[in-house]
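*Asks:* The primary structure of each chain is shown beneath.
2 protein chains.
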Amino acid sequence: MKILNFDIITIGNELLIGKILNTNMQFLAKAVTDLGGSVVRVTTVRDDVGEIVTAVKEAFDRETDFVITCGGLGPTFDDKTMEAISKAVEKPLVLNRTALEYMKKGHRLRHVGKTGVYELTPSRLKMAMLPQGSTPLFNPHGSASGVYLKNKGIRVVVLPGVPDEMQRIFVERVGPIIKDLVGDFFRREESLFARDIPESRVAPLIDEVMSEHPLVYIKSHPKREPEPMLELHFSTVSEKEEVADEDLVNEIDSSHRR
Amino acid sequence: MKILNFDIITIGNELLIGKILNTNMQFLAKAVTDLGGSVVRVTTVRDDVGEIVTAVKEAFDRETDFVITCGGLGPTFDDKTMEAISKAVEKPLVLNRTALEYMKKGHRLRHVGKTGVYELTPSRLKMAMLPQGSTPLFNPHGSASGVYLKNKGIRVVVLPGVPDEMQRIFVERVGPIIKDLVGDFFRREESLFARDIPESRVAPLIDEVMSEHPLVYIKSHPKREPEPMLELHFSTVSEKEEVADEDLVNEIDSSHRR
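Quick mapping for you: the protein sequence lines, in order, are chains U and C.
Read left to right, the first sequence gives residues 7 to 264 (the numbering used here).
Read left to right, the second sequence gives residues 7 to 264 (the numbering used here).
Don't take each hint at face value.
Lysine-lysine pairs mimicking BS3-like chemistry, simulated, CA-CA at most 27 angstroms apart [to be verified]:
no., chain 1, residue 1, chain 2, residue 2
1, U, K246, C, K25
2, U, K25, U, K111
3, U, K8, U, K156
4, C, K63, U, K63
5, C, K25, U, K36
6, C, K8, U, K25
7, U, K63, U, K93
8, C, K25, U, K185
9, C, K111, C, K36
10, C, K63, C, K185
11, C, K97, U, K25
12, U, K229, C, K185
13, U, K185, U, K158
14, U, K111, C, K246
15, U, K156, U, K97
16, U, K25, C, K36
17, U, K25, U, K36
18, C, K8, U, K229
19, U, K156, U, K185
20, C, K63, U, K229
21, C, K8, C, K158
22, C, K110, C, K63
23, U, K229, C, K156
24, C, K229, U, K36
25, C, K156, C, K185
26, U, K110, C, K185
27, C, K97, U, K63
28, C, K36, C, K229
29, U, K158, U, K93
30, C, K158, C, K185
31, U, K185, U, K229
32, U, K25, C, K158
33, C, K25, U, K8
34, C, K25, C, K8
35, U, K36, C, K185
36, U, K36, U, K229
37, U, K25, C, K93
38, C, K185, C, K8
39, U, K25, C, K110
40, C, K63, U, K93
Hint data in this document are derived by calculation from the structure and do not stem from the laboratory.
Being a predicted model, the structure only gives us computed values, none of them experimental.
Given only the sequences and the hints, what does the whole structure look like? Please build it.
*Replies:* Below, the structure written as structure tokens:
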């Protein structure tokens with residue numbers, strides 16, 4: 007198992023005015039975590055070339071292993087992510103023949119039975135202009151391909167913001183790359199629920215148990231629904247299945263005894 | 007109307023593993039926008055002093071006007087936000103008598119009819135330790151007060167992550183501060199829905215209309231539910247009500263004509 011740090015950058019004015027919930031953030035954070043990656047930071051910026059370039063470069067400067075951006079790949083003037091990525095990695099935008107083929111293929115798939123020539127409008131052409139050296143990631147649900155590229159050893163994945171497009175590209179094309187890099191590992195997690203105990207009383211016990219079992223992480227979450235209680239969430243990761251199981255069981259036992 | 011830039015920092019491991027949706031981010035982004043503020047960036051980091059300090063200092067370095075953090079104020083070992091804020095603003099954590107009174111007052115409110123002494127455990131005491139010079143913000147729903155302070159002209163608000171606690175403190179204590187600073191303004195927004203037109207065909211029209219009406223922002227959102235269509239979202243802000251109305255109407259008219 008290799009520890010890989012991820013930066014996720016979600017892009018879109020609609021996120022910064024609170025018009026929509028950032029469900030893409032949750033999907034990507036969970037998907038990366040499930041594959042054994044460690045998400046260190048999520049940054050959300052508006053559709054502005056300068057803001058996106060800054061966020062991507064900051065992630066590069068922090069020497070993260072993997073940057074995933076989401077949003078801003080469509081055909082309209084306010085889809086500025088590809089231009090920003092091109093600036094951040096210092097590679098010009100060039101017409102990518104594979105991306106163009108993917109767009110035509112996707113269009114055929116989504117408009118089965120319809121005839122007519124695939125019109126290559128400037129807006130469509132824009133979506134086939136990728137930073138030099140990019141590998142396009144086929145998008146079966148939409149026109150804009152995803153992108154995979156490397157910048158000085160840091161992997162960069164650029165995904166559209168429409169949830170089903172993003173999710174399908176992630177699952178089919180990005181997941182396998184991450185899985186290969188991280189290797190095998192086993193995660194175990196379990197929640198205990200405690201009633202009638204204030205978090206402030208449990209806090210010192212958690213501190214004690216965690217310092218005795220440094221491989222297991224405990225997080226307490228006060229809940230109000232369906233009734234007031236405290237969730238204690240235990241989680242651990244290991245290269246070996248039996249070690250992960252044993253660590254978790256030991257720590258939960260140790261918590262129960264207190 | 008004064009333009010104020012906001013940085014929102016949401017804190018919590020559970021966000022970075024995708025265990026929960028970042029609903030606090032949406033609430034805060036919408037609330038700030040509704041008050042006339044401009045959210046420039048949302049950063050999400052885990053419960054780690056170093057990560058939080060870095061994120062806060064980066065916001066200071068970008069000379070934002072207002073930093074709002076959310077999460078990590080509870081009594082447990084993994085609630086590290088106050089320690090991080092203290093480091094970022096370079097003020098020591100000191101016992102805040104008002105915060106202590108607020109904790110007792112909140113406890114009485116939430117446990118009406120119960121008797122007994124309010125036990126000042128180390129975990130509770132921790133929640134009354136605030137950076138020197140802080141103004142505590144009363145939390146009627148929980149123990150941890152919010153915090154308001156200034157650092158070299160930049161306003162900082164520190165809120166708990168439990169949604170109803172955060173929302174109540176924001177609405178009662180933070181909103182009025184922002185409203186006073188921003189002053190009067192009028193926002194108008196409207197959505198048009200277009201069927202059977204691909205986004206790539208509308209894109210050049212939007213570009214054209216926006217360059218003629220620079221005060222109105224148009225964003226296109228492809229939708230799949232309940233049926234495939236394109237949402238065109240128009241929005242504008244002005245100090246004067248009639249100017250905002252007129253700008254929006256003109257631009258929508260102009261879009262209709264194309």
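*Asks:* State for each hint whether it applies.
*Replies:* Hint-by-hint comparison with the structure:
With a C-alpha separation of about 23 angstroms, the suggested pairing of U/K246 with C/K25 holds against the 27 angstroms cut-off. Proximity of U/K25 to U/K111 is assessed by CA-CA distance (about 33 angstroms); at most 27 angstroms being required, the pair is judged violated. For a cut-off of 27 angstroms, the pair hint linking U/K8 to U/K156 stands: about 18 angstroms separates their Cα positions. About 17 angstroms separates the Cα atoms of C/K63 and U/K63, which keeps this hinted pair within 27 angstroms; it holds.
Restraint check: the Cα-Cα separation between C/K25 and U/K36 comes to about 7 angstroms, which is no more than 27 angstroms; the hinted pair holds. Distance check on the hinted pair: C/K8 and U/K25 sit about 22 angstroms apart at the alpha-carbon level, within 27 angstroms; holds. Only pairs whose Cα atoms come within 27 angstroms are accepted, and U/K63 paired with U/K93 is accepted, the gap being roughly 10 angstroms. As the CA atoms of C/K25 and U/K185 are separated by approximately 20 angstroms, the hinted pair is consistent with the 27 angstroms bound.
Distance check on the hinted pair: C/K111 and C/K36 sit about 30 angstroms apart at the alpha-carbon level, beyond 27 angstroms; violated. Taken as a hint, the C/K63 and C/K185 pair is honoured in the structure, with Cα atoms around 25 angstroms apart against an allowance of 27 angstroms. As the CA atoms of C/K97 and U/K25 are separated by approximately 36 angstroms, the hinted pair breaks the 27 angstroms bound. Proposed proximity of U/K229 and C/K185 is contradicted: the alpha carbons are some 32 angstroms apart, above 27 angstroms.
Only pairs whose Cα atoms come within 27 angstroms are accepted, and U/K185 paired with U/K158 is accepted, the gap being roughly 21 angstroms. About 50 angstroms separates the Cα atoms of U/K111 and C/K246, which puts this hinted pair outside 27 angstroms; it is violated. Annotation: proposed proximity of U/K156 to U/K97 holds, straight-line Cα distance about 11 angstroms (limit 27 angstroms). Using a Cα cut-off of 27 angstroms, the hinted pair U/K25 and C/K36 holds, with the two alpha carbons roughly 7 angstroms apart.
The straight-line distance between the Cα atoms of U/K25 and U/K36 is roughly 22 angstroms, inside the 27 angstroms bound, and the hint therefore holds. Of the supplied pair hints, the one linking C/K8 and U/K229 is violated, its CA atoms being roughly 39 angstroms apart against a limit of 27 angstroms. Restraint check: the Cα-Cα separation between U/K156 and U/K185 comes to about 17 angstroms, which is no more than 27 angstroms; the hinted pair holds. A threshold of 27 angstroms between alpha carbons decides the hint, and for C/K63 with U/K229 the separation of about 32 angstroms lies outside it, so the pair is violated.
Taking the CA atoms of C/K8 and C/K158, the gap is near 19 angstroms; set against the 27 angstroms cutoff, the hint holds. A distance of roughly 33 angstroms separates the Cα atoms of C/K110 and C/K63; the hinted pair therefore is violated under the 27 angstroms criterion. Distance check on the hinted pair: U/K229 and C/K156 sit about 32 angstroms apart at the alpha-carbon level, beyond 27 angstroms; violated. Proximity of C/K229 to U/K36 is assessed by CA-CA distance (about 24 angstroms); at most 27 angstroms being required, the pair is judged to hold.
The straight-line distance between the Cα atoms of C/K156 and C/K185 is roughly 17 angstroms, inside the 27 angstroms bound, and the hint therefore holds. A distance of roughly 51 angstroms separates the Cα atoms of U/K110 and C/K185; the hinted pair therefore is violated under the 27 angstroms criterion. For the hint pairing C/K97 with U/K63, the CA-to-CA distance comes to about 30 angstroms; that exceeds 27 angstroms, so the pair is violated. As the CA atoms of C/K36 and C/K229 are separated by approximately 21 angstroms, the hinted pair is consistent with the 27 angstroms bound.
Between U/K158 and U/K93, the direct Cα distance comes to roughly 14 angstroms. Compliance with the 27 angstroms bound is thereby established for this hinted pair. Under the criterion of a C-alpha separation no larger than 27 angstroms, the hint pairing C/K158 with C/K185 is consistent with the structure, at around 21 angstroms. Proposed proximity of U/K185 and U/K229 is contradicted: the alpha carbons are some 34 angstroms apart, above 27 angstroms. A hinted pair counts as satisfied when its Cα atoms are at most 27 angstroms apart, and U/K25 with C/K158 does not qualify at roughly 32 angstroms.
Between C/K25 and U/K8, the direct Cα distance comes to roughly 22 angstroms. Compliance with the 27 angstroms bound is thereby established for this hinted pair. Annotation: proposed proximity of C/K25 to C/K8 is violated, straight-line Cα distance about 38 angstroms (limit 27 angstroms). Using a Cα cut-off of 27 angstroms, the hinted pair U/K36 and C/K185 is violated, with the two alpha carbons roughly 37 angstroms apart. Under the criterion of a C-alpha separation no larger than 27 angstroms, the hint pairing U/K36 with U/K229 is consistent with the structure, at around 21 angstroms.
For the suggested pair U/K25 and C/K93, the alpha carbons sit about 33 angstroms apart, so the restraint of at most 27 angstroms is broken. The straight-line distance between the Cα atoms of C/K185 and C/K8 is roughly 10 angstroms, inside the 27 angstroms bound, and the hint therefore holds. This hinted pair does not check out: U/K25 and C/K110 have alpha carbons roughly 37 angstroms apart, beyond 27 angstroms. Taking the CA atoms of C/K63 and U/K93, the gap is near 25 angstroms; set against the 27 angstroms cutoff, the hint holds.
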